[in-house]
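Participant: Single-letter residue listing:
There are 2 protein chains.
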Amino acid sequence: MPDNLGAQPGSTPGAPAFERLCLIGIGLIGSSIAHIARQKALARTIVAMDVSADVRRRVAELGLADKVAETAEVAVHDADLVILCVPVGAIGEVARAIAPHLRDGAILSDVGSVKSAVIADVAPCLPKNVHFIPAHPVAGTEQSGPDAGFAALFRNRWCILTPPLEADPKAVARLAAFWTAAGANVEIMNPAHHDLVLAITSHVPHLIAYNIVGTAADLEEVTQSEVIKFSAGGFRDFTRIAASDPTMWRDVFLNNKEAVLEMLGRFNEDLTALQRMIRRGDGQGLFDLFTRTRAIRRGIIEQGQETAAPDFGRRKGEPNGD
Amino acid sequence: MPDNLGAQPGSTPGAPAFERLCLIGIGLIGSSIAHIARQKALARTIVAMDVSADVRRRVAELGLADKVAETAEVAVHDADLVILCVPVGAIGEVARAIAPHLRDGAILSDVGSVKSAVIADVAPCLPKNVHFIPAHPVAGTEQSGPDAGFAALFRNRWCILTPPLEADPKAVARLAAFWTAAGANVEIMNPAHHDLVLAITSHVPHLIAYNIVGTAADLEEVTQSEVIKFSAGGFRDFTRIAASDPTMWRDVFLNNKEAVLEMLGRFNEDLTALQRMIRRGDGQGLFDLFTRTRAIRRGIIEQGQETAAPDFGRRKGEPNGD
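Chain order of the listed sequences is H and B.
Letter by letter, the first sequence follows residues 1 to 322 of the numbering used here.
Letter by letter, the second sequence follows residues 1 to 322 of the numbering used here.
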């Protein structure tokens, strides 16, 4: 991997790894890539495009890119790295629009939470001289839009690459180096396995969070005001997850249907067993499960994917915090 | 409510509202009450007792109480406020042990997450000259034990009181003033309604968090190491909730069986509908639900039960944070 990838501007000799980085879709992820690419000088020029004129205006105001393009076709002109940061359901359409305009030898990537469906949609429409290397940085917050991004989003998070078997190893290495320089750990994975892993670590958790918030909103015996007032008992954490971007998540479920339904089936089986334990008063069974689940938590904290600090809905320095 | 309840030591004339506060069970909640009672001078003397000798030693080391008693019977001697901070399943047993030793006119309360079962268990064994006023401060973190407590835990959180119909209004007002002085907002509620509200805002959320962590741990196609590495996609927030104290939660489910099973039934119905939307590719239905759930989130933030700051598993000032 080129040495200059992790460089601060001016601190290392040599050119940035990419001449022209084009970001299509400037939400949380797109704007975070813009921030870190600027901070680490990962590209000489950053070009941004978003389908929304309001977002394009905001990107210009925030100075997130060197150029803001009006259309994707224009945006990709001469870019040696193009990253599609649009919802999974829109990736195919954008790829078809830009395909004839991509530079010879360009790397085309994405950040979608689903990989098999994206590959099936995008790969057939690309010219042979473009390196298509799908990617998924497993990082995010519940916030959306160009103002939500920040340079540290990817730090110590995993970015999964799912290159096709015939991918050029040099192109894969260049993209891996880009993500490493952005602070992420890179893992290469088969797209189908990616979709299964993410179904359990991300998609089903979001689905059940959305679901319980919906259940609570529809109750007649418990008012919405009561749900809100007494949410500190656990519910409020689910509302945070269920505050994520609706379009993005609709597309995830429509495009990872099989793996999500499979994992949801396992979840339901286990929940039925738990329900029976409660009905039968099986305290030992409940206690055993509740103890066993702590080991995974410890692993997550030990590997730096979460802090051990207790969370009770406040942060230090905020009005309600200490 | 007496003026001196919110007093800092020495800042207001007059005696504290309670002469002798006895706390039985010094975990997260018990130790947090000790901290705030000391800070706000809510009682002249604080007596603490825990069934574990290790915890008693730690309480003494931390200076959480003026006296640490070896048994509950001794601890309650002459106390005018006794708060049982033990798991719901242990409250009845402790109440039976201390009943003959309670001071005439003492207020007996608890902090259990379930109210009907506790009342059924405790009320019959108490002498007539004791005011039994069940309470539930809806506050907590995923951490347990005497080191986990802190004075601000109850600030701007709700404390629900479920006094019996025949309760002495003066005793209810004294306990309400105690919790108000501790920083909480007080709400009076019928015990059965409390149990239903908490089933949806706290108990079922914990149950499904424990459940999905268990499901993920049991998969064969996805390794535990992968679950941990890629947990930042949403799963890790569930592991936080599923890291709560196993004994406490076992007791909650065994003692609020009916309301939990009722709310779990609603959750399951809704999840089945959502599953069908995914199977049928009903994007509009998914989008509508995912949009609707955002309103509840806004309410929770507006009412100060959560901050709007994005959470991505880091805190400012911590190694991985900004």
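Don't take every hint at face value.
Identical chains blur together in the list; that is why a pair holds if it fits in one copy or across any two.
As the list claims (entries may be wrong) - Each computed SDA-like pair below joins lysine to any residue, with the alpha-carbon atoms no more than 25 Å apart:
(1) Lys67 - Asn156
(2) Lys67 - Arg174
(3) Lys257 - Arg298
(4) Lys257 - Asn268
Keep in mind that the hints were calculated from the coordinates and are not lab data.
Participant: Please flag the earlier hints that this structure goes against, numbers listed from lowest up.
Facilitator: Of the numbered hints given earlier, those the structure breaks are 1 and 3, listed in rising order.
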